[in-house]
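Assemble the whole structure, with the sequences as input and the hints as a guide.
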Amino acid sequence: MDRSALPDLVCPAGSLPALKTAVDNGADAVYLGFKNDTNARNFAGLNFDQKTMVEGIRYAHGKGCEVLMAINTFPQPGRTADWRAAVDAAADMGVDAIILADVGLLDYARNRHPNQRLHLSVQGSATSYEAINFAHREFGVRRAVLPRVLTLAQVEHVIKNTPVEIEVFGFGSLCVMNEGRCWLSSYACGESPNTVGACSPAKYVKWDKKPGEMETRLNGILIDRFADNEPAGYPTLCKGRFDVQGETYYALEEPTSLNVLEILPEIVKIGVKAIKVEGRQRSPAYVTQVTRTLRAALDALANESERYHVKPTWQAELSKVSEGNQATLGAYNRPWR
Amino acid sequence: MNQGFTIPKFQLPGFVARLGEKLPQWPHAVALTTALNAAVKMNLLPEESLEPMQDKTFLVQVIDTGGQASFTYRNGFFRPIFRPVGSPDLAFRANLSAFLQVASRQEDPDTLFFNRELSIEGDTELGLLVKNMLDAVDLSQFRPQLPKLPFSLPLGQR
Chain A
1 MDRSALPDLV CPAGSLPALK TAVDNGADAV YLGFKNDTNA RNFAGLNFDQ KTMVEGIRYA
61 HGKGCEVLMA INTFPQPGRT ADWRAAVDAA ADMGVDAIIL ADVGLLDYAR NRHPNQRLHL
121 SVQGSATSYE AINFAHREFG VRRAVLPRVL TLAQVEHVIK NTPVEIEVFG FGSLCVMNEG
181 RCWLSSYACG ESPNTVGACS PAKYVKWDKK PGEMETRLNG ILIDRFADNE PAGYPTLCKG
241 RFDVQGETYY ALEEPTSLNV LEILPEIVKI GVKAIKVEGR QRSPAYVTQV TRTLRAALDA
301 LANESERYHV KPTWQAELSK VSEGNQATLG AYNRPWR
Chain B
1 MNQGFTIPKF QLPGFVARLG EKLPQWPHAV ALTTALNAAV KMNLLPEESL EPMQDKTFLV
61 QVIDTGGQAS FTYRNGFFRP IFRPVGSPDL AFRANLSAFL QVASRQEDPD TLFFNRELSI
121 EGDTELGLLV KNMLDAVDLS QFRPQLPKLP FSLPLGQR
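In the order they appear, the protein sequences are chains A and B.
The opening position of the first sequence corresponds to residue 1 in our numbering, with each subsequent residue numbered one higher.
The opening position of the second sequence corresponds to residue 1 in our numbering, with each subsequent residue numbered one higher.
Bear in mind the hints are in silico, worked out from the structure with no lab data behind them.
Wrong hints could be hidden among the right ones.
Unchecked claim - Below, in silico cross-link-like pairs of lysine-lysine (DSS-like), each with a Cα-Cα straight-line distance of 30 Å or less:
1) A:K210 with B:K9
2) A:K35 with A:K320
3) A:K51 with A:K206
4) B:K41 with A:K209
5) B:K41 with A:K51
6) B:K22 with A:K210
What the hints assert, rightly or not - Partner residues are not named here, just some residues of chain A that face chain B (Cβ under 8 Å, in silico):
7) P17
8) N42
9) G45
10) R137
11) A232
Every residue gets a Cβ at the ideal spot worked out from N, C-alpha and C, and that includes glycine.
Dropping the structure here:
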């Protein structure tokens, strides 16, 4: 297969060491955010200040890797200037693209920085080609990141009907996937990715160790109880086990990770332009493991084409870092629509 | 990273912990705080991350060695706590192999948490802050550099 047909591998960078290891292990692009609520991974101690951002961009560009800046939360009442300042700063620093979700901010970026490449964030929640083409027509969006709710056939349908590049998720934690429209975190603690840039903010999370079990509470609400040695997940409402009509189970979503290695040839064949790895909140060790594994898989696809097969070592490496120790193809392979 | 050497998952035999628990614990706290203070002095830990740690109490417990370190951060320095009173604000508990894997950036703390090999109790946001602060330390600047030769070797030219 022609290497130019391979999708870009877009990897997460929550810190400078994570960025460097993504670049060194074969990412074509890294995505990152500022240390504030203008991005959806606004966690204590994570992300980039001015100094580390400049160094990160220099490092990535020096090795031919693109830098994509996520400004993918929604400007809050009275604070629009903060989000506009983030867009201005990103454009001034020379990032390759800004990933935006809010239409007002897309409009601002389009008018203020007409030459800046813009991507539509997954938080923009555009699942149809009509929505994506609207963003293209009105704001000149060049790429859209699809929410993780479409089957592979639906992704193909979108690609066939839009001039906009399509980016899909290839690996990482799954949640209830109502991206950009989810208010479950707000229901539990009054704050959500859209408003403060964090789902289930850590200040509301409590892990209580008791003899033989661990309880997870979110703002006091018991969301799960794990026996010793039972795999755990992130403390979000959508991954809790609840008593529903006398039965306790994962009523919304299991703790699990998306893993597309098995369907990589199909993803490439339908013309996906970029594959994104979730996990800016994870450590450099995770970024190393996932980047090198997906790089190896993409390279194998380029070199072996028809003979591509998923190597057990790739699956072992990815399943180890998966949430809940299990992986899924998610919506991609659902037979129903 | 860790090229050529990986730390396996292991658990020390039970007698090690039983013995370790009987040993004085203060040397662990002194060693750990000395290392952390060296990192502060080298400006590796950003001020904005250190400030929320002021007067918070921490416990790092290595389950299978029976060792633990209690310490706090006050006025620019990490300080050992020799006689801990009450519950710490934040406690990390794991076996030695898990701590070594995290320290060497071989494993992600979230991975170990999912696998129940690392427990975090107390102030979760403080725990996240500490994790992210340590993740952000750029170790690449400390990689040993080979001395540069004053002349170039023909074999090195490509």
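These are the hints, each one checked on the structure:
no., hint, result
1, A:K210 with B:K9, "holds, 24 Å"
2, A:K35 with A:K320, "holds, 29 Å"
3, A:K51 with A:K206, "violated, 33 Å"
4, B:K41 with A:K209, "violated, 35 Å"
5, B:K41 with A:K51, "holds, 19 Å"
6, B:K22 with A:K210, "holds, 24 Å"
7, P17, "holds, 5 Å"
8, N42, "violated, 11 Å"
9, G45, "holds, 3 Å"
10, R137, "violated, 39 Å"
11, A232, "holds, 6 Å"
Hints 3, 4, 8, 10, counting from the list given before, are not met by this structure.
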